[in-house]
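Protein chains: 2
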Amino acid sequence: MRSSKRINEVMDKLYVIKIGGNIVDNEAALSDFLDLFAAVPGKKILVHGGGKVATRLAADLNIKQQLVDGRRITDAETLKVVTMVYAGLINKQIVAALQSKGSNVLGISGADGNIIQAHKRIHPTMDYGFVGDVDFVNSTMLSAVLGLGLNVVVAPITHDNKGQLLNTNADTIAQEIATAMSKLYNVDLIYSFEKAGVLMDAEDDNTVIKVIDPTTYKSLRDRQLIFAGMIPKLDNAFAALRSGVSKVIIGHGAQLPLLISGAAGTTIIDAA
Amino acid sequence: MRSSKRINEVMDKLYVIKIGGNIVDNEAALSDFLDLFAAVPGKKILVHGGGKVATRLAADLNIKQQLVDGRRITDAETLKVVTMVYAGLINKQIVAALQSKGSNVLGISGADGNIIQAHKRIHPTMDYGFVGDVDFVNSTMLSAVLGLGLNVVVAPITHDNKGQLLNTNADTIAQEIATAMSKLYNVDLIYSFEKAGVLMDAEDDNTVIKVIDPTTYKSLRDRQLIFAGMIPKLDNAFAALRSGVSKVIIGHGAQLPLLISGAAGTTIIDAA
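Line by line, the protein sequences give chains R and F. The first sequence: position 151 = 151 (the working numbering), numbered continuously. The second sequence: position 174 = 174 (the working numbering), numbered continuously.
Read the hints as simulated data drawn from the structure, not as lab findings. Remember, it's a predicted structure, so these values are computed and weren't measured experimentally. Careful: at least some of the hints might be erroneous.
Here are the computed lysine-lysine pairs in the DSBU-like style, where the Cα-Cα straight-line distance is at most 35 Å [as the list claims (entries may be wrong)]:
(1) Lys43/R to Lys120/F
(2) Lys233/F to Lys218/F
(3) Lys101/R to Lys64/F
(4) Lys52/F to Lys64/F
(5) Lys247/R to Lys233/R
(6) Lys162/F to Lys43/R
(7) Lys52/F to Lys120/R
(8) Lys43/F to Lys162/R
(9) Lys101/F to Lys120/R
(10) Lys162/F to Lys52/R
(11) Lys101/R to Lys162/F
(12) Lys52/R to Lys101/F
(13) Lys52/R to Lys120/F
(14) Lys210/F to Lys120/R
(15) Lys162/F to Lys233/F
(16) Lys52/F to Lys210/F
(17) Lys210/R to Lys13/R
(18) Lys64/F to Lys247/F
(19) Lys210/R to Lys162/R
(20) Lys247/F to Lys13/F
(21) Lys218/F to Lys43/F
(22) Lys162/F to Lys13/R
(23) Lys13/R to Lys120/R
(24) Lys43/R to Lys247/R
(25) Lys52/R to Lys64/F
(26) Lys210/F to Lys233/F
(27) Lys64/R to Lys52/F
(28) Lys233/F to Lys64/F
(29) Lys43/R to Lys13/F
(30) Lys43/R to Lys247/F
(31) Lys13/R to Lys233/R
(32) Lys162/F to Lys183/F
Calculated Cβ distances over 10 Å to all of chain F for the following chain R residues [what the hints assert, rightly or not]:
(33) Gln65
(34) Arg71
(35) Arg72
(36) Asp171
(37) Ile269
Which residues of chain F face chain R? A partial, calculated answer using Cβ under 10 Å [stated by the list, open to error]:
(38) Asn62
(39) Lys101
(40) Asn114
All C-beta atoms in this analysis are idealised placements derived from N, C-alpha and C, irrespective of residue type, glycine included.
Using the sequences and the hints, build the whole thing.
Written out as C-alpha cells, the structure is:
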C-alpha cells in the first residue's frame with residue numbers, strides 16, 4: 001500500500017471527467033460546466049454523454065427507437081444519428097466552447113487514433129445492434145496526445161477496427177479510460193451529473209453520502225439504502241479502484257472544483 | 001531556385017489530398033479511394049468535402065436551403081446539419097474505414113487543437129451566415145500530430161476561437177493546410193475528384209492537360225480553352241505554389257497513385 005502510494009505521488013495527475021446528458025442538454029448549464037472544466041489544472045479528459053438531441057433528431061427523421069426488454073437497440077439508422085450528434089454536433093460544440101475559454105482540446109471518437117477499440121455486443125438471446133463493448137483503450141496514444149498540451153473530449157462512439165462504428169455507453173468509456181490511464185497517471189475519475197452525489201434519499205440533495213468504502217457500501221446495500229440505479233455505477237467504481245484508479249467521485253457538475261477537492265459529492269475509495 | 005530545391009529535398013514529404021463530394025457520396029468509390037489513400041507512403045492529410053448527405057438531411061428536416069445570388073447561406077440550423085454530417089458521420093466513417101485498412105488516422109475539425117482558426121465571412125453587401133474564411137492553420141500542432149504516427153482526416157468545419165463553429169470550403173482548407181505546412185514539409189497538394197484532370201474538353205476525359213505552368217495557363221485562358229469553373233481552382237493552385245507548395249495535382253480519385261507519380265492528372269507547376 002505504501003509503495004503504490006509512492007508511485008502515485010510521482011505520477012502526473014489526470015482527471016477523467018464524465019458529464020451526463022442532462023448537463024449536455026442545457027445550454028447554460030453546459031457553458032457553466034465548461035468554464036469549470038477549463039479551470040481544472042493539469043491534464044484532463046472529458047467524456048460526454050449524448051443527451052436528448054439524438055432522440056429528438058431520430059424522432060424528426062421518423063427513425064423508430066426499438067426497445068427490447070426496455071433497452072434501446074442501435075440499428076443502422078440510429079447509429080448514423082448518434083454518430084452525427086455525439087461525434088459531430090455535441091463534440092464539436094464542446095470543443096469550440098472550450099477553445100473560447102482558453103482550454104486547447106482535441107475532440108475524438110474511439111475510432112480516432114484507434115484510441116478505443118470495441119466489439120459488437122455479444123449476447124446469448126438478443127441483438128443490441130451496433131452497440132460496442134470496449135476491448136481496450138490505447139493509453140500510449142492517448143498519453144501522447146495529452147503530451148502535446150491538448151486535453152481530450154471523448155464522444156461515446158467506438159469502432160471495431162474492421163470499419164464498423166459502434167455506440168458505446170459513456171459511463172463505461174470513462175471507466176475504461178480511467179483504468180487504462182492509471183498505468184501512466186494518478187487518475188481521479190469523476191462522474192458529474194445533475195445530483196449532488198450518492199444520496200440516502202434520491203429526492204434530497206442534502207443526503208449526500210460523503211465517503212463510500214467497500215464496508216460502508218456492503219452495509220448500505222444490505223439495508224437497501226442505495227437507490228437501485230446507483231448500484232451498477234458503484235460496482236463500476238469499485239472495479240475501477242481495484243484496477244488502479246486512485247479515487248472515484250460522484251457529484252453535481254456545477255460543483256466540479258469541490259468534487260475535485262473532496263468538499264462536495266461522494267468519494268468512493270477502496271480501503272482494502 | 002537550386003537552394004530552395006535543396007531545402008525541399010531534406011524536408012519530409014507530405015501529401016495533402018482533397019477528395020470531392022462525388023467520391024464521398026458513392027460508398028464503393030469511397031472505399032476504393034480509401035484503399036489507395038491508405039497505401040500512399042509517408043505522411044498524409046485527407047480533406048473531405050461534404051457531398052449530398054447534408055443537403056438530403058436538411059431536406060428531411062425541412063430546413064430550407066437559402067440561396068442568395070446562387071450562393072448557399074449557412075444559417076444556424078444548416079450549420080448544425082453540416083457539423084453533424086461533415087465532422088460527425090462522414091469524418092468518422094472515413095476514420096473507421098481507414099483504421100480497418102491499416103492506416104492509423106485522427107479525424108478532426110478545425111476547432112480541434114485550434115488547428116484551423118477562421119472568422120465569419122465579412123462581405124460588403126451580403127451575410128453568408130456561419131461561413132468561415134481561414135485566418136491560419138496551426139502547422140506546429142498539425143505537425144506534432146503527424147509526429148505521433150497519425151495521419152489526419154479533416155472535416156470542412158472551422159471555428160473562430162470565440163466558441164462559434166463555421167462552415168468552410170474544403171478546397172480552401174486543403175490549400176491553406178498545404179501552404180502552412182510547406183514551411184515544414186515538401187508538400188504536394190492533390191485535388192482528386194470525378195474528372196481525369198484539367199480538360200481541354202470538359203466532357204472528354206481523354207483531353208487532360210498534363211502540365212500547366214503560368215505561361216501555358218495564360219495562353220489557355222486567353223484562348224478561352226479552360227472550363228470557367230476550373231479558373232478559381234487554378235488561381236488557387238498558383239497561389240499555393242507561390243506560397244511554397246511544391247506541386248499541385250488535379251485528377252481522378254481512382255488514379256491517386258498515378259496522380260502522385262505524375263503519370264496521370266494535371267500537374268500545376270510554378271516555372272518562375
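Results for each hint:
1. Straight-line distance between C-alpha atoms of Lys43/R and Lys120/F comes to about 31 Å, which keeps the hinted pair within the 35 Å bound.
2. Note on Lys233/F and Lys218/F: the hinted pairing holds, with a Cα-Cα distance of about 14 Å set against a maximum of 35 Å.
3. Of the pairs offered as hints, the one joining Lys101/R and Lys64/F holds, with about 33 Å between alpha carbons and a cut-off of 35 Å not exceeded.
4. Distance check on the hinted pair: Lys52/F and Lys64/F sit about 15 Å apart at the alpha-carbon level, within 35 Å; holds.
5. Using a Cα cut-off of 35 Å, the hinted pair Lys247/R and Lys233/R holds, with the two alpha carbons roughly 14 Å apart.
6. A threshold of 35 Å between alpha carbons decides the hint, and for Lys162/F with Lys43/R the separation of about 22 Å falls inside it, so the pair holds.
7. Straight-line distance between C-alpha atoms of Lys52/F and Lys120/R comes to about 29 Å, which keeps the hinted pair within the 35 Å bound.
8. With a CA separation close to 22 Å, the supplied pair Lys43/F and Lys162/R stays within the 35 Å bound.
9. At roughly 19 Å between alpha-carbon atoms, Lys101/F and Lys120/R fall within 35 Å of each other, so this suggested pair holds.
10. The straight-line distance between the Cα atoms of Lys162/F and Lys52/R is roughly 25 Å, inside the 35 Å bound, and the hint therefore holds.
11. Among the hinted pairs, Lys101/R with Lys162/F is consistent with the structure: their alpha-carbon atoms are about 8 Å apart, no more than 35 Å.
12. Distance hint between Lys52/R and Lys101/F is fulfilled; the C-alpha atoms sit about 34 Å from each other, no more than 35 Å.
13. Restraint check: the Cα-Cα separation between Lys52/R and Lys120/F comes to about 29 Å, which is no more than 35 Å; the hinted pair holds.
14. As the CA atoms of Lys210/F and Lys120/R are separated by approximately 48 Å, the hinted pair breaks the 35 Å bound.
15. Restraint check for Lys162/F and Lys233/F: the C-alpha separation of about 30 Å stays at or below 35 Å, so the hint holds.
16. Taking the CA atoms of Lys52/F and Lys210/F, the gap is about 30 Å. The hint holds against a cut of 35 Å.
17. With a C-alpha separation of about 22 Å, the suggested pairing of Lys210/R with Lys13/R holds against the 35 Å cut-off.
18. Pair hint Lys64/F plus Lys247/F does not hold up; C-alpha atoms about 40 Å apart against a cutoff of 35 Å.
19. A threshold of 35 Å between alpha carbons decides the hint, and for Lys210/R with Lys162/R the separation of about 44 Å lies outside it, so the pair is violated.
20. For a cut-off of 35 Å, the pair hint linking Lys247/F to Lys13/F stands: about 11 Å separates their Cα positions.
21. Simply put, Lys218/F and Lys43/F have alpha-carbon atoms about 33 Å apart, close enough for the 35 Å limit, and the pair holds.
22. For a cut-off of 35 Å, the pair hint linking Lys162/F to Lys13/R stands: about 29 Å separates their Cα positions.
23. Annotation: proposed proximity of Lys13/R to Lys120/R holds, straight-line Cα distance about 33 Å (limit 35 Å).
24. Distance restraint check for Lys43/R and Lys247/R: the Cα-Cα separation of roughly 16 Å lies within the 35 Å cut-off, and the hinted pair is therefore satisfied.
25. Of the supplied pair hints, the one linking Lys52/R and Lys64/F holds, its CA atoms being roughly 24 Å apart against a limit of 35 Å.
26. In summary, the hint linking Lys210/F to Lys233/F is supported, as the alpha carbons are separated by about 16 Å, within the 35 Å threshold.
27. Taken as a hint, the Lys64/R and Lys52/F pair is honoured in the structure, with Cα atoms around 24 Å apart against an allowance of 35 Å.
28. A threshold of 35 Å between alpha carbons decides the hint, and for Lys233/F with Lys64/F the separation of about 29 Å falls inside it, so the pair holds.
29. Distance check on the hinted pair: Lys43/R and Lys13/F sit about 32 Å apart at the alpha-carbon level, within 35 Å; holds.
30. Between Lys43/R and Lys247/F the alpha-carbon distance is near 40 Å, which puts this suggested pair outside the 35 Å criterion.
31. With a C-alpha separation of about 23 Å, the suggested pair Lys13/R and Lys233/R falls inside the 35 Å cut-off, and the hint holds.
32. Between Lys162/F and Lys183/F the alpha-carbon distance is near 27 Å, which keeps this suggested pair within the 35 Å criterion.
33. Against the 10 Å criterion, Gln65/R stays outside the reach of chain F, whose nearest CB is about 17 Å from its own CB.
34. In this structure Arg71/R is separated from chain F by more than 10 Å, as the shortest Cβ-Cβ distance comes to about 24 Å.
35. Every beta carbon of chain F lies more than 10 Å from that of Arg72/R, the smallest distance being close to 19 Å; the non-interface claim holds.
36. With a least beta-carbon separation of about 21 Å from chain F, Asp171/R lies farther than 10 Å from that chain, consistent with its non-interface assignment.
37. With a least beta-carbon separation of about 35 Å from chain F, Ile269/R lies farther than 10 Å from that chain, consistent with its non-interface assignment.
38. Nearest Cβ of chain R to the Cβ of Asn62/F: about 9 Å, under the 10 Å cut. The hint holds.
39. Interface hint at Lys101/F: satisfied, since its Cβ lies 8 Å from the closest Cβ of chain R, which is below the 10 Å cut-off.
40. Contact between Asn114/F and chain R, as hinted, is supported at the beta carbon level, the nearest pair being about 5 Å apart and thus within 10 Å.
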